[in-house]
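Engineer: Fit chain B with the ligands to the known structure of chain A by using the hints.
Number of protein chains: 2
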Amino acid sequence: MNKKVIVLGGDGFCGWPTSLHLSNLGHEVIIIDNLSRRDIDNELEAESLTPIQPLGTRLNTWEEISKKKIGFYNMNIASEYDQLLKVLQEEEPDVIVHFAEQRAAPYSMKSPKNKRYTVNNNINASHNVLCAIVESGLDVHLVHLGTMGVYGYGTAGMKIPEGYLDVEVETEEGEKVSQKILYPTNPGSVYHMTKSLDQLLFQYYNKNDNLRITDLHQGIVWGTNTRETNLDERLINRFDYDGDYGTVLNRFLMQAAVGYPITVHGTGGQTRAFIHIQDTVRCIQLAIENPPADDEKVMIFNQMTETHRVNDLAKLVSEITGGEIAYVSNPRKEAAENELHVKNDLFLSKGLEPITLSEGLLREVTEVARKYADRADHSKIPATSTWTRDQKPGIPEKEEENLMN
Amino acid sequence: MNKKVIVLGGDGFCGWPTSLHLSNLGHEVIIIDNLSRRDIDNELEAESLTPIQPLGTRLNTWEEISKKKIGFYNMNIASEYDQLLKVLQEEEPDVIVHFAEQRAAPYSMKSPKNKRYTVNNNINASHNVLCAIVESGLDVHLVHLGTMGVYGYGTAGMKIPEGYLDVEVETEEGEKVSQKILYPTNPGSVYHMTKSLDQLLFQYYNKNDNLRITDLHQGIVWGTNTRETNLDERLINRFDYDGDYGTVLNRFLMQAAVGYPITVHGTGGQTRAFIHIQDTVRCIQLAIENPPADDEKVMIFNQMTETHRVNDLAKLVSEITGGEIAYVSNPRKEAAENELHVKNDLFLSKGLEPITLSEGLLREVTEVARKYADRADHSKIPATSTWTRDQKPGIPEKEEENLMN
Ligand SMILES: NC(=O)c1ccc[n+]([C@@H]2O[C@H](COP(=O)([O-])OP(=O)(O)OC[C@H]3O[C@@H](n4cnc5c(N)ncnc54)[C@H](O)[C@@H]3O)[C@@H](O)[C@H]2O)c1
Ligand SMILES: NC(=O)c1ccc[n+]([C@@H]2O[C@H](COP(=O)([O-])OP(=O)(O)OC[C@H]3O[C@@H](n4cnc5c(N)ncnc54)[C@H](O)[C@@H]3O)[C@@H](O)[C@H]2O)c1
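As they're listed, the protein sequences go chains A and B. Here full-length UniProt numbering is used: the first residue of the first sequence is 1, the next is one more, and so on. Here full-length UniProt numbering is used: the first residue of the second sequence is 1, the next is one more, and so on.
In isolation and in its complexed conformation, chain A is listed as follows (with noise of 0.2 Å):
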């Protein structure tokens, strides 16, 4: 059945290819993003590795080879809420899919303009939208992008089910009473801890106004291109690098793809969970074709497939290209190591069938890192953002008197 799905940060590394998988399927698609994403590029200096086209460009192509038209409003759902509603009003969606957000840690903890700007952003994005729902008197199924940063990864061995956890409180008269509350997060930045925040909005949206949402806990995506985006080089994904944007496992290949060092952060004993870009997609669209009912609480999914430690990867990455591992310090304030065990029935069992990272990884290294090598601006890598004023970049050494010369 076909919906009217409005992705919000559609010109995003998530939102692009999500927004050609689901019109694709046959789904009318219409994109609002403010191109801020673009404008940090910009601000940063720095560029994604693969050639990204204007959001023009991406449209016009996707019709020439589709024949489907993807409309586009370009608009802050952060600070123009009159226009969103209107959009609502008139384009009447039967799902709104919300990546408009600030999405890098590191840039989040940059400076105390970044963390306003992050908080600002982020949280009056999510809570416009929730408004603008209410307001329109719409029955729209909202399916927000949400991370497993919320629990933090401080606590050894801890099972991370899928959103609640069922505790028991005391009642004045000594009695055990058993309830059904969200999972208590642990946030690492001030990104993350955004994300915690919409939790809430989320929840009391939820209970006041009865609207039905799915929040998708996403690990880190790594790879590049899905079905849709390799159809056509001006289709081509974002691909980040940068020490602010870049995600671990992409930064590990491009930085073996140009001879820089692959740089673990402290031990490398942190364990994170990834997902590929296509089953990103693919959890998008099962988001979509199975909304909760009614009356149901906020269904909380974690959107993920395997989990690795980051110096595994390292070494994975090491073995596959011949790079050589450097560790530097750690630029943020976490546990040195941790374990992860993370729930994922609900995707399984809905049909997914994960591209793994033994599979995925090698195709990455040639088809994108080795071929866009020659984009890199190898200034750009360094992580240099800090949690704390105490902490240190990670550079290593051997770049650090590069960066002096």
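Check before you lean on any hint, since a few could be wrong.
What the hints assert, rightly or not - With a cut-off of at most 20 Å between alpha-carbon atoms, the simulated PhoX-like pairs for lysine-lysine come out as follows:
1. Lys380/B <-> Lys297/B
2. Lys180/A <-> Lys159/B
3. Lys159/A <-> Lys343/A
4. Lys180/A <-> Lys207/A
5. Lys207/A <-> Lys333/B
6. Lys207/A <-> Lys180/B
7. Lys333/A <-> Lys392/A
8. Lys176/B <-> Lys343/A
9. Lys180/B <-> Lys159/A
10. Lys176/A <-> Lys159/B
11. Lys297/B <-> Lys333/A
12. Lys113/A <-> Lys86/B
13. Lys398/B <-> Lys380/B
14. Lys207/B <-> Lys392/A
15. Lys3/B <-> Lys207/A
16. Lys398/B <-> Lys333/A
17. Lys159/B <-> Lys343/B
18. Lys86/A <-> Lys113/B
19. Lys176/A <-> Lys176/B
20. Lys343/A <-> Lys297/A
21. Lys159/A <-> Lys176/B
22. Lys180/A <-> Lys180/B
23. Lys113/B <-> Lys110/A
Source of the hints: derived by calculation from the structure; they are not laboratory data. Small disclaimer: the values here were computed from a predicted structure and weren't measured.
Structural biologist: Coordinates of chain B with the ligands only, in the frame set by chain A:
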């Protein structure tokens, strides 16, 4: 030991008497306020029952009487970050008491605009304060006013502890591990939701930047004047009675005084926690005198002294005043009846001797409600902000007719 204290929101109902109390004790007090509460009075065409004076007059009067100077900056802390930081750098306070938020639940539910204002104002205000403390590098003790309403009142008979809950979570191996978490929240309005977001901000900045924070979960404040505001008519404190800002007990008192029905929302089976304004200022003093240690978690105290069913309060006020009770429809979405068992051992153990309702109520009726009854605008009494479209405002039948005439 005298401290330098900045009082954010020092022109408000709690902030003004707190500023005077702290100044009287010998602390150096500086008020920051953007006077938004007075602007909202203009917007709502409502007014304090008591004739509050402009802040300039208040401050001059205090200097005249006490020979003590209270400083003042007119500043919006949610939007004027650079100015806020500058004041911190220049004044180097030991303590910041943070009252500066939009604090009325009905106002927060009045319209999408009000919901958005409340979220934007309160979250950015709190976050800016946290950011500015970190950026200033000062060792400041932040005392924030939260609310007991974050817990919601749905769950019958729950004992509300002071902030934290011990829960058991399961490891992969099926082992149970104990963890101390923020007591799970279940806020009853957008306003209350902002306070549960605040909690996560405090938790994060305490963890990442070791900020020392006390979060006071306050009950409903009743009463008007304190020892200091009683010293001169020009120091008189605010008394809100309108449908948006008036809190339940003060509303009952003034309704009785002006011959308006005492309006109970729903059955009146709701149990709420209360504290007298004189005890509020004492609690703030105690919080300042007992700051958290350097590496301590956010300290959370329940700032309340007694709990009552709304219906019992209405009967009590009716007995004292002869006023008639009217049961009206409840504009809020909340449990019709609830129990409430609150721990407040911490303040009691630190020497608080509460003013009880039974001793203070009559004085409030004669010295405030009846004295200023002629200032009341009856058309502002009904609670007209509803929680959802399907709900009705809380207007007594008799008055509905009056309103239509
Ligand atoms: N990439 C990952 O590894 C990852 C992992 C977990 C969760 N997520 C979440 O998935 C979502 C999408 O991530 P991404 O990697 O595609 O990020 P991205 O930055 O590439 O895309 C976000 C898009 O939203 C837009 N945007 C931001 N604020 C906006 C606003 N106020 N109004 C309109 N548009 C706005 C940006 O311009 C950008 O195009 C984010 O919420 C992120 O937190 C991503
Ligand atoms: N009054 C109660 O019964 C009660 C109960 C529980 C908790 N509280 C909490 O105590 C605090 C104080 O409550 P109150 O009754 O004194 O409220 P109030 O509205 O009378 O006072 C708040 C003051 O803060 C100022 N303010 C608001 N936003 C500001 C901003 N962005 N910049 C600068 N100043 C700003 C207002 O102008 C006002 O003077 C609030 O946080 C409230 O949530 C109050």
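Engineer: Which of the stated hints cannot be reconciled with the structure, identified by number in ascending sequence?
Structural biologist: Going through the list in order, the structure violates hints 1, 6, 15, 16 and 23 and respects the others.
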